[in-house]
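For what it's worth, my numbering labels the leading residue of the sequence shown as 1, then goes sequentially.
Hints listed in this document are in silico derivations from the structure and should not be mistaken for laboratory results.
Pair ranges (Cβ atoms, derived):
no.	residue 1	residue 2	range
1	L21	M60	16 to 26 Å
2	K46	V218	52 to 62 Å
3	A155	A42	45 to 55 Å
4	M60	L127	14 to 24 Å
5	L127	A29	26 to 36 Å
6	G209	R119	28 to 38 Å
7	P48	P158	51 to 61 Å
8	R147	V43	46 to 56 Å
9	L47	M205	30 to 40 Å
10	P48	I77	39 to 49 Å
11	M205	L108	18 to 28 Å
12	M205	M138	14 to 24 Å
13	V150	L108	45 to 55 Å
14	V150	W116	50 to 60 Å
All C-beta atoms, glycine included, are put in the ideal place defined by N, C-alpha and C.
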Amino acid sequence: MHLGSPLRAFNSLNRMGASSLSNEIASGAIFFAVGGIGWLLAVCKKLPAGLRSLWLVVTMVLGVIFVWMMVRVYNTIDTVPTWYTVWTPLSFFLTLFIGGPLLGYLLLRVAGVDGWALRLLPVVSLLALLVSIMVVVMQGSELATIRSSVQQASALVPDYGLLMAWRVVLLALALACWCVPQIRGRKPAVSLLGLAFVLILAGEMIGRGIFYGLHMTVGMAVAS
Numbered sequence: 001m002h003l004g005s006p007l008r009a010f011n012s013l014n015r016m017g018a019s020s021l022s023n024e025i026a027s028g029a030i031f032f033a034v035g036g037i038g039w040l041l042a043v044c045k046k047l048p049a050g051l052r053s054l055w056l057v058v059t060m061v062l063g064v065i066f067v068w069m070m071v072r073v074y075n076t077i078d079t080v081p082t083w084y085t086v087w088t089p090l091s092f093f094l095t096l097f098i099g100g101p102l103l104g105y106l107l108l109r110v111a112g113v114d115g116w117a118l119r120l121l122p123v124v125s126l127l128a129l130l131v132s133i134m135v136v137v138m139q140g141s142e143l144a145t146i147r148s149s150v151q152q153a154s155a156l157v158p159d160y161g162l163l164m165a166w167r168v169v170l171l172a173l174a175l176a177c178w179c180v181p182q183i184r185g186r187k188p189a190v191s192l193l194g195l196a197f198v199l200i201l202a203g204e205m206i207g208r209g210i211f212y213g214l215h216m217t218v219g220m221a222v223a224s
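Put together the whole structure using the sequences plus the hints.
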């Protein structure tokens with residue numbers, strides 16, 4: 001969608017270092033390439049045990065860099081005041097910390113991996129959800145203070161509060177599917193974890209829809 005045509009993929013890298021979009025595409029390609037190669041080597045049992053941990057750490061760091069590059073695509077546009085705020089990077093990274101631990105737990109559960117450290121993953125997601133709720137409230141109050149000469153930010157998504165409430169409900173239900181069985185001393189079933197991940201996807205899609213719906217520019221332009 002960003003490129004317009006897949007044939008322009010290589011052209012998108014022409015301004016690496018200067019263009020946020022080029023940096024995003026490059027960092028994403030590197031992240032998926034390193035992660036994919038590491039997975040393939042591990043499956044084929046070609047990845048030495050001593051190198052495995054280092055490869056995982058490098059892949060995680062590249063993933064964080066990729067998310068930061070995504071943030072920079074939107075958070076560096078000072079003519080879009082609704083994106084040019086602290087809430088943009090916070091929202092992106094909170095999505096990472098809400099959904100990432102659950103996806104990791106699901107994949108490890110399918111692989112039959114177990115360990116005490118897995119019990120910390122739900123805590124990470126729960127804390128991220130609590131912070132996300134605070135971000136929603138503070139961002140909503142700030143929208144009333146953002147306006148251009150012809151438009152007010154709070155009018156861009158009139159149902160901001162209702163939509164965000166649905167998002168929080170979906171995320172809370174997802175974490176309940178994950179955490180309640182563990183509180184009762186049982187491992188959550190893979191099917192239940194799958195449902196939880198679908199709920200998180202649905203909730204975050206609402207969040208992304210709101211994010212793009214809040215696009216506005218300074219001056220006389222009217223968002224559509």
